[in-house]
Amino acid sequence: MTYAGAAVAGLAKAMDEDASVVALGEDIGRGGIFGQYRGLLERFGERRVIDTPISEATIVGAAVGMALTGLKPVVEMRVIDFAMCAMDEIVNQAAKNRFMFGGQGRVPAVIRMPNGIWSSSAAQHSQSLEAWFAHVPGLVVLAPATPQDNHSLLRAALACGDPVAYFEHKELWPLEGEVDGSLDVPIGKARRVREGGDLTIVSWSKAVHWSAEAAELLAAEGIGVDLIDLRTIWPWDRDAVLESAARTGRVLIAHEAIQVAGFGAEIAATLAEESGARVARCGGLRIPVGYSPGLEAQARLTPQAIAQRARELLDRG
Amino acid sequence: MCRIRAFEDAAEEASRGGVAAFGQAAGGSAQVRGPLHLSTGQEAVPAGVCAHLTPADWLTSTHRGHGHTLAKGASLEGMMHELFGKATGFCGGKGGSMHIADFSVGMLGANGVVAAGIPIAVGAAHSMAIQGRDAIAVTFFGDGALNRGPLAEALNWAAAFRLPVLFVCEDNQWSATTKTAAMSAGEGAAARAVGYGVPAVAVDGMDVVAVWQAAGELVQEIRAGHGPRLLHAKTYRFKGHVSVDPAAYRDPAELAAAMQGDPIARAREPLRAAGVPDADIDAVMREARQEVAAAVATADAAPWPDASAAFEDIQDTGSGRWRS
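Chains A and B, in that order, are what the protein sequence lines are. All the letters of the first sequence, read from the start, carry residue numbers 1 to 317 under the working numbering. All the letters of the second sequence, read from the start, carry residue numbers 318 to 641 under the working numbering.
Simulated from the structure, these hints should not be mistaken for laboratory data. Keep in mind the model is a prediction, meaning the values are calculated, not measured. Beta carbons: idealized from backbone N, C-alpha and C, even for Gly. Treat the hints with care, since some could be wrong.
Here are some chain B residues pointing at chain A (derived, C-beta under 10 Å) [what the hints assert, rightly or not]:
#1 TRP375
#2 PHE407
#3 CYS408
#4 GLY410
#5 LYS411
#6 ILE417
#7 GLY426
#8 GLY434
#9 VAL439
#10 GLU470
#11 ALA471
#12 PRO622
#13 ALA626
#14 GLU629
Cβ pair distances, simulated, as ranges [claimed, not checked]:
#15 A:ALA159 <-> B:GLY390: 29 to 37 Å
#16 A:ALA159 <-> B:ALA477: 30 to 38 Å
#17 B:ARG450 <-> A:ALA305: 50 to 58 Å
#18 B:THR494 <-> A:GLU176: 55 to 63 Å
#19 A:LEU295 <-> B:GLY466: 28 to 36 Å
Just chain B, same shape as in the assembly (with noise of 0.2 Å):
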């Protein structure tokens, strides 16, 4: 949580100026260019989730996805160079925030699109059957994906194929700048899974031994062969869509009370109850600074992506610089 948290802080840091919405004038000097979205207040759930995962099991996420990559296992200079879009990221300079993704912790990728990681995810999954490999997938995906047709037909399709797949559902109560509530019927994530014989769990996506054990039981049951199970996470995003979203349609007394139950300041309750000293709890969160800090010194740092890249890695099959 806490590397997921300073990572995004200097993300956002660096990020000033990258990107014009919102009112916002876009700026060149910016490092980390383009949308990005932040996840902070969101952090107990990927934590919670990955811990119950081996780098044999396989993820997907969303365009809002450091938080998950990170706790999947990935670098954070990976990552961060990826960001600065730098020859040395995970893509190449190619993805960025929104598509950021590491295949070697089993990472399959963020997606620019709402829910469409979720039929990926399930497609790893029956690869795992067909294949006859005991890995597992996950897929996160926000409560916006609720009202997509891949989260509905994926569930179905997992369901009817009894699929290694645990759907979490990251509910952080915003679908981009509009409240979910107000154009979503039903009774949400849990409901819509129940309604496709998918066993569904709700639990406090801001506290992370609650994330932690509820997840663990379900991939215990996913890993016993028992199918697909859905986790729902309500969590809090606290900052806007993307970085330079204000979020000024938010009541600001929402957003505090949110505010109250920040998933880092709740997981010294349970550390401090076992005896861990306050000191090794702040160290946690120095030493996650320290490490990010280096992170973005050598993104800086590192080499720009040679233009002929931008022809690499489309298709062998029909280049596209047929143009001589």
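Chain A on its own, in the form it takes in the complex (with noise of 0.2 Å):
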């Protein structure tokens, strides 16, 4: 099954076990445009499924009235660049509402925001986003790596009752892998992908795989990588993490988005607060990400760039 048909079925079986979920976006009647909504308006109608204007402040604000009042919407943003038309809606609304109110009211919103650099979609179409959705209390951060995380994950995020920040990975749909589903997977849960002694990789979405692939490089050189699918990025598995470490003594932390302020500095910041071990980190560089493709490689991660970060890090000793 793919990435893309995991969410389809992950949020069809939540919409038939729960008459209050309803998904609303643009062009999801159609499916959405990376088919993570294929078939659900002929399923469930449009009542349920909801054709949206091009409106994505109304569209979040939209959700959180709907939250208010007895609903669980999923919502769609397209591609994450497009959530920035609706900060004050996920942030200063969406997160803070119960709070502010004094726990009178809560949002059950799953905003799904497709992250991360898709194919030369140039600088607004390719951003990742995550680390500003992290800072925000009241917001769960969520990005999925493979098809059974998108299945499960998203599963999760509607039972969480909290408001979820759902990051799936725009060049990720099409990835297929075996999905469970009746697995679940909890929030709050790192996957282990390998196991290895020498050095502790962190990371989550597509970075993941880009990691796997690093880790096989070095393989190849005798070097033992134990790597880590983060899965949440809040509330992150700091357990995991900080075991590893435990065991390593080196971390090196591997995410698309730029590395300067990234998520990868607040577990940077967590070794060296917590663990004795030596860290580094492998991020995109502090430019917008260009169209031709060879500017577009200069904002991607590579398996060699870990590869190398990583061989660096073991040569500190």
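From the two separate chains plus the hints, produce the assembled complex.
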């Protein structure tokens, strides 16, 4: 099953189980621009699968109103870059509502914001902004890297009762993988992708796959990588990262988002405060993503770059 | 109207020295802290509109939301305690004046961001349509909100989905400390609504009977399933943008003229014409002031929120208190 298909299956299951779950966003009646809503309109009707105007602020604002009055909306932002048009609604309204009004209401909404570089889509369709949302009290932040996790975490997001910033990766939609529809993946628990004793790599979203390739390159050199897919950015699995750091003593954090002030900085700071591990980061340069393939490549992480950064970390002793 | 006036007069008195702005010094002794946005002079709009609503209907409001909240049926005590920051306030002391709310009467919140409550009301109306429930949603916003995108988006959305929502532009003619007319193109709220296919009615917002009649007709049309409507109520803000703002930027003659049309004074005329004795009319304001005084007294004596409340009602998944 593809990463997109897994999301459809997970959402359909949630809609079957709970009549209060509705989906709204641009073009979702046709299945969404990545197929992540395919077939849902036919199955659940236009009351529950709502094609909206191109009005991101109101898509999220209306979802807040829906959530406060008995529904569980799944909100499509199309690409994360367009969620910038709804930042007040996400940050000031959805995330703060429960606290500001003393717990009178809650906003159980899942805001799907496809993240990351998307081939030759240039600066306004290729950003990775998960760190922005991790900074906001009230939000849960999820970034599945596999079809299984996209299926299971989408359902967990709907069940958790809090507003969720949900980051699917724009280039992972066609990724194939096994999906067990009955498997629950808890929010806040990392996934160990592979075990190794020389170095920990912490990653999420598409960068997990590059990190796995980097681990293969390193394995050929006799270097064992303990690869952790964080899956949840907030609340992130500190125990899993600290445990691995204690075993390997060296941690590389690899993410597609710009390295400066990225979420990797939070992990690095935590490791500095709470472990003796040596830490390095490997993230995007602080440049907008260019259109031409050669320009876009400058913004992309690669397995080779991650492996090289890992070697440098090991060389530090 | 009298309860709103009495409430805000008392809140203003209790706020003296509580915020630094407009050249005023902050003091630590105020009972009501932070920015306090008064709606003095605008009382006829919430009173006339909310008279047509039930607790099952939904309401969203603005940063100037005391009147809307009271008119929707919230208790004076819960509100005053919240303005005092006490644990017994509607929001447990977490919201204050700008985030006053009483979900139990369908009041989904004042809002510190101009126009932000409008899409939320549209969502509540959409939710009623999806769930097949009869309630409607009402959203109050000021003339300053005319120039923010969420209003345009929400008008279109409500019309496109034919939702049961009443937009109420409470036009006090001032966007914070700037004259709205100086920076707003076109003919204003009603004209903009009509551009989206939303029928709109303009009304003298200083005349509570006129507001009540116009709002009643619009609410009836909305409840009959005819889709969204907009009420453009022209009113006036007697005070500054916030309580410590002396509004020195405003021509005193403009204020004096507006105060001639004080909605509470004007409401006496139809009452007298209907044979209500002056003594009875006076008693309404007197009783409102007594009720407010009692709320102030209990608010002053009420407990502060426990410090641990700062960590509650944030999110269940991923606590804010991860640091041991």
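Okay, the hints, checked on the actual structure:
no. : hint                              : result
1   : TRP375                            : holds (6 Å)
2   : PHE407                            : holds (7 Å)
3   : CYS408                            : holds (3 Å)
4   : GLY410                            : holds (8 Å)
5   : LYS411                            : holds (5 Å)
6   : ILE417                            : holds (9 Å)
7   : GLY426                            : holds (6 Å)
8   : GLY434                            : holds (9 Å)
9   : VAL439                            : holds (5 Å)
10  : GLU470                            : holds (4 Å)
11  : ALA471                            : holds (5 Å)
12  : PRO622                            : holds (9 Å)
13  : ALA626                            : holds (8 Å)
14  : GLU629                            : holds (7 Å)
15  : A:ALA159 <-> B:GLY390: 29 to 37 Å : holds (34 Å)
16  : A:ALA159 <-> B:ALA477: 30 to 38 Å : holds (31 Å)
17  : B:ARG450 <-> A:ALA305: 50 to 58 Å : holds (55 Å)
18  : B:THR494 <-> A:GLU176: 55 to 63 Å : holds (59 Å)
19  : A:LEU295 <-> B:GLY466: 28 to 36 Å : holds (32 Å)
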